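Peer 1: Spelled out, the chains give:
Number of protein chains: 2
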Amino acid sequence: MTRASVAVGPDLLALDREAQDLLFRAARTANTFTDEPVTDAQVAAIHDLVRYGPTALNGQPLRVLLVRSAPARARLLPHVSAGNRAKTAAAPLVAVLAADVDFHHRLPELFPHRPEAKDWLADRAERVAQARFNATLQAGYFLLGVRAAGLAAGPMAGFDAAGVQGEFFPDGRHQVLLLVNIGRPGPDAWHDRLPRLAAGEVIRTL
Amino acid sequence: MTRASVAVGPDLLALDREAQDLLFRAARTANTFTDEPVTDAQVAAIHDLVRYGPTALNGQPLRVLLVRSAPARARLLPHVSAGNRAKTAAAPLVAVLAADVDFHHRLPELFPHRPEAKDWLADRAERVAQARFNATLQAGYFLLGVRAAGLAAGPMAGFDAAGVQGEFFPDGRHQVLLLVNIGRPGPDAWHDRLPRLAAGEVIRTL
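Protein sequence lines correspond, in order, to chains A and X.
For the first sequence, counting from 1, position 102 maps to 102 in my numbering; every step adds exactly one.
For the second sequence, counting from 1, position 198 maps to 198 in my numbering; every step adds exactly one.
Rather than coming from a laboratory, the hints here were simulated on the basis of the structure.
Just so you know, these numbers come straight off a predicted model, no measurement behind them.
Yeah, the Cβ is synthetic: ideal placement off N, Cα and C, and Gly gets one too.
It is possible that part of the hints are untrue.
[Unchecked claim] Cβ-to-Cβ under 7 Å is the rule here; a few derived chain A residues that face chain X:
1. L15
2. D48
3. Y52
4. N58
5. Q60
6. S69
7. A72
8. L77
9. S81
10. L97
11. L121
12. V128
13. L197
14. T205
Construct all of the structure, not just a fragment, from the sequences and the given hints.
Peer 2: The following block contains the structure:
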């Protein structure tokens, strides 16, 4: 059997190659953006796609605060690390991804066949852990959703989470997880692709 | 302008509709599976796709233990909640998703332009939090990667994480995050789709 006749990775997938490239292989974290706005309709389309991603008890704890206006951005920037500030100031849109730690109030609607599920989460520490975990899974779906819209995402961990929380979520009900710049990639938007771990370094079979 | 001429959600996306359905809109969490095996080549193809998803400092802390053999499954099942046990016993493959909390040892290779990044994570508590957060983002990519392979994923939070860790990761270096059954959906693989939150319930713009 010649090498060309063996199915290789991309061809073993049901997802078409163009979609593989759009979401993963050609997609890159952007550090610069054009001035083209990201519209509310685009964000709604992203949400309408990624909201179908799975979460435990269908709880959907992710909440998204979009920072677009100059006054809102002026409130955000002081809490962003110095190295991330210029690109966050220039991105057409910045999404603040947060977990609603009181998401269990919605479970009687979201998980209607077990309305008592709400009471399984009476303990706050357990609930916070579940909210953060499932909202982080949803953050993964969201980043791919931004790419599905043909846009570049620039996720950033370098910010003061307590500061952003105090500024935008003073209710104590939300915990900030990640900032994401969103837009069309600008000039020199990224460096060379960094190395990825091989399957043998990540996967073990028993 | 008539309603039909207004671009609606799915058409505002660059991702083709078939891919949208495969990954999100038609994809469902499966509770039953056929006997068709999931091959190592399929798993390698999933990894080769999702490994390009972004992580902080390119750290890639997710590790995947695949439970396939009868002896390995017998070690796993006692730690799975009663309600999840039968489907976990019957799934062709079970992935145990874990975070390597000492992932920083690889940063000099994975983030070579800042080899000192390893030292930023000298504090274990901070490193565990980063490992768990980024591995959970990667878990989101992985679930969509399973779907990209044309397979159904059955993520499960109902298990004893400490028990699974003690059984399969006694080194103390890995923290178990999620179990995922993988295979082709079997008869009556799912119930009706549960409700999803609307954009107005999730997104706020400033």
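Peer 1: Which hint numbers doesn't this structure obey?
Peer 2: Violated: hints 8, 9, 10, 11, 12.
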